[in-house]
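Guided by the hints, dock chain L onto chain V, whose structure is given.
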Amino acid sequence: MNLNEFFHMGGYAFYVWTSYGLALIVLLANVILPLRQRKKLLGDIARAARRARRNTT
Amino acid sequence: MFNNFFHKMASPKYFYSISGRLIPWLATGCVLLFLAGLYYGLYKAPPDYQQGDSYRIMFIHVPAAWMSMFIYVVMAAAGAIGLIWHIKLAEVMAISSAGVGASFTFLALVTGSIWGKPMWGTWWVWDARLTSELILLFLYLGVIALYNAIDDKRTAARAVAILALVGVVNIPIIHYSVEWWNTLHQGPTVTKFDKPSIHLSMLIPLLLMAFAFKFYYAFVVLMRARCEVLERERNTGWVRELAETK
Chain V
120 MNLNEFFHMG GYAFYVWTSY GLALIVLLAN VILPLRQRKK LLGDIARAAR
170 RARRNTT
Chain L
-1 MFNNFFHKMA SPKYFYSISG RLIPWLATGC VLLFLAGLYY GLYKAPPDYQ
49 QGDSYRIMFI HVPAAWMSMF IYVVMAAAGA IGLIWHIKLA EVMAISSAGV
99 GASFTFLALV TGSIWGKPMW GTWWVWDARL TSELILLFLY LGVIALYNAI
149 DDKRTAARAV AILALVGVVN IPIIHYSVEW WNTLHQGPTV TKFDKPSIHL
199 SMLIPLLLMA FAFKFYYAFV VLMRARCEVL ERERNTGWVR ELAETK
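Residue numbers (the working numbering), protein chains in the order written: chain V, 120 to 176; chain L, -1 to 244.
If we strip away everything but chain V, and leave its shape as in the complex, we get (with noise of 0.2 Å):
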């Protein structure tokens, strides 16, 4: 098999490629929130933290 054939998929490309992309898409989604969530969550803890010392002191 050759790679045109490959990417052909005997004439289901659209329907092929649409499934795979749709689910790579969907799946990439679900790591990158929570990762980008954490991030946003540690510094917010972080400033929150540093703002109660200072009415503290």
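Don't take each hint at face value.
Unchecked claim - Simulated coverage check for chain L against chain V, where a stretch passes if three residues somewhere in it have a Cβ under 8 Å from a Cβ of chain V:
1) 37 to 51
2) 55 to 67
3) 92 to 102
4) 142 to 152
5) 218 to 228
As the list claims (entries may be wrong) - Now the in silico label distances, taken between C-beta atoms and shown as ranges:
6) L:PRO170 to V:ASN121: 41 to 51 Å
7) L:ARG232 to V:TRP136: 36 to 46 Å
8) V:ASN123 to L:SER9: 49 to 59 Å
9) L:PRO170 to V:ASN123: 51 to 61 Å
10) V:LEU141 to L:PRO45: 20 to 30 Å
Simulated from the structure, these hints should not be mistaken for lab results. The C-beta atom is built at its ideal place from N, Cα and C for all residues, glycine as well.
Chain L only, in chain V's frame:
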């Protein structure tokens, strides 16, 4: 000693550190399984004698559909454990599962639709299998919306657990829908009592992808759960310390 073990495991701080060490291993396993599954599924496996190459959508569609139901049961079970024994970590696992479960349900529905167009001639039919899977998506979305609608996280977790438990009735309906009702959707080929009616060259990539999805769920749910733990424990000493050293 047993009790001690569970209490230690269920402590948010211990969970946060142990899950942080587990995630890279699970993610590596997931990537390796995906690579093998894609190689066998897209390249090695021969075209189907009836469906040509379009059947390769199955390697996404079927594991995603399995996961959509598996995660729902895990979510409901974790919710029940949280409800009965008031274990915070179980609540966290339940709500962290909802987003991943909804994603897999969405994928199962959409890839099924994309597969249905060339094979059945239609994107959608209101038959039992498709409709019950769509209801599963609404259940997941309902769980997420309900959790976000209630400010107190512990109350929210209890409400969500009850909703999830009531929704479990949908799971056997999805599974048996193709046997109970006449439907366009094909019957089971793997999860039945006699021999699977699928050739080994197609069964291997299917199982590889199914395990890849299992690993994927394991590490993504832990990533989400860690965020949830940080959020809930944000006023404790160890979380502040952690945030300030980062």
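Hint check results:
1. Counting residues of the region 37 to 51 of chain L whose C-beta lies closer than 8 Å to any C-beta of chain V gives 5; at least three are required, and the coverage claim holds.
2. Against chain V, the region 55 to 67 of chain L contributes 4 residues with a C-beta closer than 8 Å to a partner C-beta. That satisfies the three-residue criterion, and the hint holds.
3. As drawn, the region 92 to 102 of chain L meets chain V at 3 residues by the rule of a beta-carbon pair under 8 Å; at three or more, the given contact holds.
4. Only residues whose beta carbon comes within less than 8 Å of a beta carbon in chain V count, and the region 142 to 152 of chain L has 0; fewer than three means the coverage is violated.
5. Only residues whose beta carbon comes within less than 8 Å of a beta carbon in chain V count, and the region 218 to 228 of chain L has 6; three or more means the coverage holds.
6. Distance hint for PRO170 (chain L) and ASN121 (chain V): a CB-CB separation of about 46 Å, consistent with the stated range 41 to 51 Å.
7. Under the hint 36 to 46 Å, the C-beta atoms of ARG232 (chain L) and TRP136 (chain V), about 43 Å apart, fit the expected range.
8. With their beta carbons about 57 Å apart, ASN123 (chain V) and SER9 (chain L) fall inside the hinted range of 49 to 59 Å.
9. A hinted range of 51 to 61 Å is violated for the C-beta pair PRO170 (chain L) and ASN123 (chain V), which are about 45 Å apart.
10. The hinted range of 20 to 30 Å is satisfied by LEU141 (chain V) and PRO45 (chain L), whose Cβ atoms lie roughly 22 Å apart.
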